[in-house]
Amino acid sequence: MGKLFDIALVFEYMPAIFSRVSVTLLIVSVSVVGGTLLGFLLAAVRLYRMPLLNGAAVFYISFVRGTPVIIQMFIVYYALPILLSQVDININRWNKLYFVLISYALNNAAFMAEIIRSAIASVPVGQTEAAHSVGLSGFQALRRIVLPQAFCTAFPAFGTRVVGALQDTSLAFTLGILDMLGQAQAIGVRTYHVLEGYVAVALFFIAASLLLEKGFAWAGKKLLPNAG
Amino acid sequence: MTFDASYILVSLKVALRYLHVTLLLSVIPLLAGIALGTPIAVCRKFRMRFTSQAAGVLIPTLRGIPLVLYVLILNFLILKPLDMLAQHYAWADRLRMMNSIHIGIVAMSAYATVTISETMRSALNSVPDGQYEACFSVGLTRGQALRRIVMPQALAFAVPVLCNNFIGLIKGSSIVYVIAILDVLNGAMSSAQINYRFLEAYIAAALIYWVLCISVERASWLLERRLRRHRAELTTRG
Numbered sequence: 030m031g032k033l034f035d036i037a038l039v040f041e042y043m044p045a046i047f048s049r050v051s052v053t054l055l056i057v058s059v060s061v062v063g064g065t066l067l068g069f070l071l072a073a074v075r076l077y078r079m080p081l082l083n084g085a086a087v088f089y090i091s092f093v094r095g096t097p098v099i100i101q102m103f104i105v106y107y108a109l110p111i112l113l114s115q116v117d118i119n120i121n122r123w124n125k126l127y128f129v130l131i132s133y134a135l136n137n138a139a140f141m142a143e144i145i146r147s148a149i150a151s152v153p154v155g156q157t158e159a160a161h162s163v164g165l166s167g168f169q170a171l172r173r174i175v176l177p178q179a180f181c182t183a184f185p186a187f188g189t190r191v192v193g194a195l196q197d198t199s200l201a202f203t204l205g206i207l208d209m210l211g212q213a214q215a216i217g218v219r220t221y222h223v224l225e226g227y228v229a230v231a232l233f234f235i236a237a238s239l240l241l242e243k244g245f246a247w248a249g250k251k252l253l254p255n256a257g
Numbered sequence: 151m152t153f154d155a156s157y158i159l160v161s162l163k164v165a166l167r168y169l170h171v172t173l174l175l176s177v178i179p180l181l182a183g184i185a186l187g188t189p190i191a192v193c194r195k196f197r198m199r200f201t202s203q204a205a206g207v208l209i210p211t212l213r214g215i216p217l218v219l220y221v222l223i224l225n226f227l228i229l230k231p232l233d234m235l236a237q238h239y240a241w242a243d244r245l246r247m248m249n250s251i252h253i254g255i256v257a258m259s260a261y262a263t264v265t266i267s268e269t270m271r272s273a274l275n276s277v278p279d280g281q282y283e284a285c286f287s288v289g290l291t292r293g294q295a296l297r298r299i300v301m302p303q304a305l306a307f308a309v310p311v312l313c314n315n316f317i318g319l320i321k322g323s324s325i326v327y328v329i330a331i332l333d334v335l336n337g338a339m340s341s342a343q344i345n346y347r348f349l350e351a352y353i354a355a356a357l358i359y360w361v362l363c364i365s366v367e368r369a370s371w372l373l374e375r376r377l378r379r380h381r382a383e384l385t386t387r388g
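Residue numbers (the working numbering), protein chains in the order written: chain A, 30 to 257; chain B, 151 to 388.
Since the hints were derived computationally from the structure, they do not count as laboratory data.
Worth double-checking, as some hints may not be accurate.
Said to hold, decoys possible - With a straight-line cut-off of 30 Å between C-alpha atoms, the simulated BS3-like cross-links for lysine-lysine are:
1. K243/A / K195/B
2. K250/A / K230/B
3. K195/B / K251/A
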């Protein structure tokens, strides 16, 4: 066993590790897009207080927010085949990546639902009433009056959540996904130099988080009125 | 493989035996984070020389690193040098005075310090500058102003966020399973190693984390209400 840490190796491993960046980005984008779409559904269920469904949504959101994403991932991994085998669908040969994508989308849905719900709830009822009084229909009032205002409230929280989702993807390797961290460990097993790989991955996460944060701050300034 | 709910109870019993480990791994980092993060936030608030610049660069950088990397990197950084020393001096086996739990606590604390220093910074920024000016005008020193006027107000702002951080730490503590610490998650898993009921074991672990997080959320709500009571008085009178 040679040196504890060799900075040259960080750069030597970088190409191999960063070649897996697509996996990480795929998980982030699918989970954010899927999560946002599902989040809208959940938020609608909660805002319109649909009977039964509302209770289920509260239960679901509380569960997802109250348990570690790593456990959710494994629950999806073990439970989904059992559930689907009830309706005679066999997914035992599925790529593990699909399970990761599904569980991260389901995870993000709960967070997005809360962001969307609280943003829409923060728009005063008077706004909807005013819209109705000038003859807008329910949907028009939502689309033209409420959602644009809700968007301004939701945007910063959305940005924070996307950065959070990016960091959460670092756990996908525990299911055996060969993402950047998985690659770093594979290199570590082969060469006995695991720290250098970790540092390379850390550098990626630092750069990506800073970039996303700055990007969202910039977009917020451009998009939102009265935000300085 | 079918699903059998009775195995959840079996795993639950085993996992609960390791509840204290999960609590240790989240409470100590929370306290360490507050103890170390607050001075960092104060340094940045008052723009103290060197420290504030260093923190201004380090904190946003370190915030980008996921918790699992803190755990993996610190585990390596703490264990490997000890290992090398042990080899060099031909100590028997590898050094075992460093328990994995301690490494987990150190890693979680490092992560918590970074997160909580940001919480405290935004809490300090939530107090208007006029409060300091008012303090100085009646002759309070900066330390007095901070301790007697600003901190109590900042704390009311910080408590809900700190509770959120705490929930994040409780959930995050499950990650230490990558360095083989027997916490709630690994405890539940250890029961599944015997009966192969992995799904039930994960559900059992999830239930424990869920109850913990809901309790903290509830406590946060009560605490917040208590801290807000003076503020409510002010607005009704004002």
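Evaluation of the provided hints:
{"no.": "1", "hint": "K243/A / K195/B", "verdict": "holds, 21 Å"}
{"no.": "2", "hint": "K250/A / K230/B", "verdict": "violated, 46 Å"}
{"no.": "3", "hint": "K195/B / K251/A", "verdict": "holds, 27 Å"}
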